[in-house]
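So the chains spell out like this:
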Amino acid sequence: MIPKPSPIELVGVTKCFGSLVALEQTDLVFEAGKTTVLIGPSGCGKSTILRLIVGLLQPTAGLVRFEDRVLSSETILGLRRRMGYVIQEGGLFPHLTARQNILLLATHLRQPQAEMRARLAELCELTRLASVALSRYPVELSGGQRQRVCLIRALMLRPDVLLLDEPLAALDPMVRANLQMELKTIFRQICQTVIFVTHDLAEAAWLGDRIVLLRQGRVVQSGSFATLVEQPATSFVSEFINAQRKLALV
Amino acid sequence: MKALFAFFTGVLLASAAPASSTSIQPALVGSKKFTESYVLADIAQLAIERAGYPAEHRQGMGGTIILWEALKEGAITCYPEYTGTIREVILKTRGPTTEGTGEADVERMRQRFAQFGVGMTGKLGFNNTYALVMRREQARQLGIHQISDLNRYPQLPVGLSHEFLGREDGWTPLCARYGLHMRNVRGMDHTLAYEALAKGEIDVMDAYSTDARIAEENLVALRDDQGFFPQYQAVFLYRLEADPRVLQALRSLEGTLTEQRMIQLNAAAERARDYSRAAALYFHERVQSHADSLASKLARWTARHLLLVGLSLSGSIVLGVPLGIWAGRPGWGSEIILGVTGVVQTVPSLALLALLVSIPFLGIGPQTAIIALFLYGLLPIVRNTASGLQDIPRPVRESAQALGLEPRAQLTQVFLPLASRSIFAGIKTSAVINVGTATLAALIGAGGLGEPIISGLNLNDSALILEGALPAAFLALLVQTAFGFLDRLLIPKGLRLASV
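Order-wise, the sequence lines are chains A and B.
Just so it is clear: in the first sequence, position 107 is 106 by numbering that gives the first Met the number 0, and no numbers are missing.
Just so it is clear: in the second sequence, position 92 is 91 by numbering that gives the first Met the number 0, and no numbers are missing.
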């Protein structure tokens with residue numbers, strides 16, 4: 000397969016909130032068809048990057064490019080429909096059933112019924128969501144089911160890019176471990192560009208083709224997990240890795 | 000009702016011109032808030048109907064100024080008035096108090112009324128002015144027939160209303176004119192004075208010369224032999240463009256009511272607590288002929304009440320929800336909208352009605368009441384819509400944005416359904432407040448369940464008050480309950496589950 004050009008690129012992006020600099024002069028290219036994990040301590044700017052890509056924030060300086068188009072208020076609506084966005088929790092609309100949540104945009108865009116049904120069945124199988132859960136309201140679902148529904152909703156329109164902002168952080172450890180396993184399979188099957196934000200190094204190592212380590216709004220190092228371990232760019236990289244490893248050994 | 004609907008939409012579209020209807024508009028007879036005015040207006044209504052023209056009586060609309068404004072604007076067709084009031088309050092002519100009764104004076108008044116498109120009938124025949132009254136028995140024993148006779152008995156105890164003590168045509172100038180030197184004079188409440196007179200605690204008091212109690216309690220009004228009291232001759236004021244049948248009916252009443260007759264009719268009205276009976280008595284009709292049954296009156300009042308509430312509430316919803324959506328966004332717009340609607344809510348309801356009545360194209364009537372209620376209903380809806388939208392959790396809000404829905408679809412498919420519980424609570428609050436506040440609409444002639452309440456207050460008739468108060472309270476409960484059921488229908492199931 001010929002590698003596709005990178006769909007998403009940050010060019011010299013700075014984002015300030017008042018006097019606070021959340022992201023500074025950052026250039027990032029996300030590889031097509033690969034899973035990139037953004038990791039770093041709280042406040043490092045990893046979530047800010049996702050929110051810039053999906054257009055919930057606008058860069059203070061620089062630009063975000065989606066294929067050959069620059070994100071702007073004119074282009075954002077169309078581009079959002081080519082992205083899937085999953086957040087930690089609370090992203091489901093409480094007044095709609097799981098099915099209605101998933102089909103909201105597709106129905107709004109008047110997609111053919113048969114196609115929607117087929118796609119839904121396919122995604123339920125992919126994410127191993129029991130179809131009875133589809134007629135339930137978000138409050139009636141377990142945490143794991145809720146995140147599966149969020150994932151299905153994000154994947155419904157076959158997005159070019161899947162953006163996940165700590166999707167597993169609020170789940171209890173058993174469910175979380177299961178979903179980590181499943182996500183890896185899912186990412187491999189859909190062959191899409193995935194950007195995954197986490198603060199958990201093990202999760203990053205398990206899921207990421209490439210890891211981008213951030214600190215205080217700057218990229219410290221990016222590469223495979225092995226590169227980060229074996230050739231740390233700064234002492235912070237080693238410290239960050241060792242701190243999490245120690246905990247994992249306990 | 001159709002005309003009212005048309006009027007309301009007209010006002011909403013900011014058109015100052017009331018919608019015209021092809022059907023015959025009934026003549027609207029106004030009255031002030033006291034027995035005699037009610038009775039005279041009922042007599043006029045009956046006279047107009049007997050002349051073959053439809054008529055309605057807007058009972059107890061207010062005081063002189065409100066009735067005069069209503070007539071000037073054409074909100075009513077006619078109402079009973081007194082020459083003394085015309086001279087002093089309406090036309091504000093100053094002069095000797097006895098003026099205004101001669102034909103020349105009447106002609107001058109007519110000329111001045113003509114510029115407002117208003118006409119005046121001839122005198123109905125009685126003069127309702129202040130009088131000094133005594134027990135008939137005692138007056139005869141002492142040989143007191145006229146006010147100057149009191150000079151012979153300066154020791155008689157006198158009880159006077161505080162108003163009479165203070166008026167320019169009241170006690171002090173009266174004493175000056177007659178040279179009276181009464182030694183024992185007290186100010187007291189008018190109603191209490193009647194009781195004190197009956198018990199013999201006082202022997203002389205002030206009264207209106209046609210007060211029903213003069214006849215009922217066997218009192219006598221002393222003759223004003225020096226012609227001190229100004230003339231308060233009863234007349235009808237009417238719109239000059241009114242149907243000839245209406246004018247003819249009003250003219251037919253000229254000179255037909257003596258003081259004695261008016262006292263009888265007032266007494267009949269107060270005894271029966273029913274003005275239309277007194278009116279029927281005037282025409283020597285059988286008494287039951289004109290009075291509606293309680294059920295039909297209740298139905299009419301309730302229907303009007305619901306119309307007032309329904310139209311005003313619809314207006315509040317139609318404007319309040321969009322304003323609330325606007326106010327729910329961050330920025331100065333929010334502060335202005337919430338501030339202005341908040342201020343409107345702070346104005347006392349009676350004051351708001353009074354303010355609106357003074358706006359030229361509104362005036363007296365249902366349209367003004369509807370607008371007042373509409374303004375009142377606005378705040379709860381605007382505020383609840385805004386807060387309902389603002390309270391949507393950020394993750395949900397951002398998910399809707401990130402999903403790729405247009406802003407309009409985000410609002411209709413996600414944000415408004417999520418805020419529906421709060422919006423609905425605001426509408427419910429407005430509805431319940433409106434049902435209560437709408438009873439005040441009767442004060443400006445808009446009808447509804449306030450009508451019996453206000454008549455009852457004027458007549459001191461608690462049964463009549465309850466005829467309006469109980470249904471109004473019941474209606475408020477009903478609205479509350481009905482909204483409880485609507486809750487289940489209109490609020491998405493997922494939200495109801497979430498709050499369990």
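Treat the hints with care, as some may be off.
Here are some chain B residues pointing at chain A (derived, C-beta under 8 Å) [to be verified]:
#, residue
1, E72
2, G73
3, G116
4, D390
5, P394
6, V395
7, S398
8, Q400
9, A401
10, L402
11, G403
12, L410
13, V413
14, P416
15, K492
16, L494
Pulled from the structure, derived: some chain B residues nowhere near chain A, Cβ distances all over 10 Å [unchecked claim]:
#, residue
17, D168
18, G186
19, L280
20, G330
21, A399
22, S419
23, F484
24, P491
Just some of the chain B residues that point at chain A, by a computed CB distance under 8 Å [said to hold, decoys possible]:
#, residue
25, L191
26, E194
27, A197
28, S295
29, E405
30, L489
31, G493
32, L496
The hints are simulated quantities; they were obtained by calculation from the structure and are not laboratory data.
We put the CB at the ideal spot given by N, CA and C, even for glycine.
Structure-based check of each hint:
Taking 8 Å as the C-beta cut-off, the interface hint given for E72(B) is violated, the closest approach to chain A being about 50 Å. Hint on G73(B) is violated. Least Cβ distance to chain A is approximately 52 Å, over the 8 Å limit. Evaluation of the G116(B) hint against chain A yields a violated restraint, the C-beta minimum of about 59 Å exceeding 8 Å. With 8 Å as the threshold, the beta carbon of D390(B) stays out of range of chain A, its nearest partner Cβ sitting at about 12 Å, so the hint is violated.
Interface restraint check: P394(B) against chain A, minimum CB-CB distance 4 Å, threshold 8 Å, status holds. Interface hint at V395(B): satisfied, since its Cβ lies 6 Å from the closest Cβ of chain A, which is below the 8 Å cut-off. For S398(B), the suggested interface contact is upheld, since its CB lies about 4 Å from the closest CB of chain A, less than 8 Å. Of the supplied interface hints, the one on Q400(B) holds, with its beta-carbon coming within about 6 Å of a beta-carbon of chain A, less than 8 Å.
Interface restraint check: A401(B) against chain A, minimum CB-CB distance 4 Å, threshold 8 Å, status holds. Because the closest C-beta pair between L402(B) and chain A is about 5 Å apart, less than 8 Å, the hint holds. Satisfaction of the interface hint for G403(B) is found here, the shortest Cβ-Cβ separation to chain A being roughly 4 Å, below the 8 Å cut-off. A distance limit of 8 Å between C-beta atoms decides the matter here; for L410(B) the minimum to chain A is near 13 Å, and the interface restraint is violated.
With its C-beta approaching chain A no nearer than about 6 Å, V413(B) sits inside the 8 Å limit, and its interface hint holds. Interface hint at P416(B): satisfied, since its Cβ lies 5 Å from the closest Cβ of chain A, which is below the 8 Å cut-off. For K492(B), the interface hint holds, the least distance from its beta-carbon to any beta-carbon of chain A being 7 Å, beneath 8 Å. Checking L494(B) against chain A: minimum C-beta separation of about 5 Å stays under 8 Å; hint holds.
Annotated as non-interface, D168(B) keeps its C-beta farther than 10 Å from every C-beta of chain A; the closest such distance is 71 Å. Remark: the non-interface label on G186(B) is consistent with the geometry, its nearest Cβ contact in chain A lying 68 Å away (cut-off 10 Å). The Cβ of L280(B) lies farther than 10 Å from every Cβ of chain A, with a closest approach of about 65 Å, so its non-interface assignment holds. With a least beta-carbon separation of about 17 Å from chain A, G330(B) lies farther than 10 Å from that chain, consistent with its non-interface assignment.
Once the 10 Å rule is applied to beta carbons, A399(B) is inconsistent with being away from chain A; the minimum gap is 7 Å. Against the 10 Å criterion, S419(B) falls within the reach of chain A, whose nearest CB is about 8 Å from its own CB. With a least CB separation of 19 Å from chain A, F484(B) remains clear of the 10 Å interface cut-off, as annotated. Not every beta carbon of chain A lies more than 10 Å from that of P491(B), the smallest distance being close to 4 Å; the non-interface claim is violated.
Among the interface hints, the one on L191(B) is violated; its C-beta lies about 65 Å from the nearest C-beta in chain A, farther than the 8 Å criterion. The beta carbon of E194(B) is not positioned within 8 Å of any beta carbon in chain A (closest approach about 67 Å), and the interface hint is therefore violated. Taking 8 Å as the C-beta contact cut-off toward chain A, the hint placing A197(B) at the interface is violated, the least distance being around 71 Å. Taken as an interface hint, S295(B) does not check out: its beta carbon lies about 46 Å from the nearest beta carbon of chain A, beyond 8 Å.
This hint holds: E405(B) has a C-beta 6 Å from the nearest C-beta of chain A, less than the 8 Å allowed. The interface hint given for L489(B) is broken, as the beta carbon of that residue sits about 12 Å from the closest beta carbon of chain A, more than 8 Å. With its C-beta approaching chain A no nearer than about 4 Å, G493(B) sits inside the 8 Å limit, and its interface hint holds. For the restraint placing L496(B) at the interface with chain A, the shortest Cβ-Cβ distance is roughly 5 Å, inside the 8 Å limit, so the hint holds.
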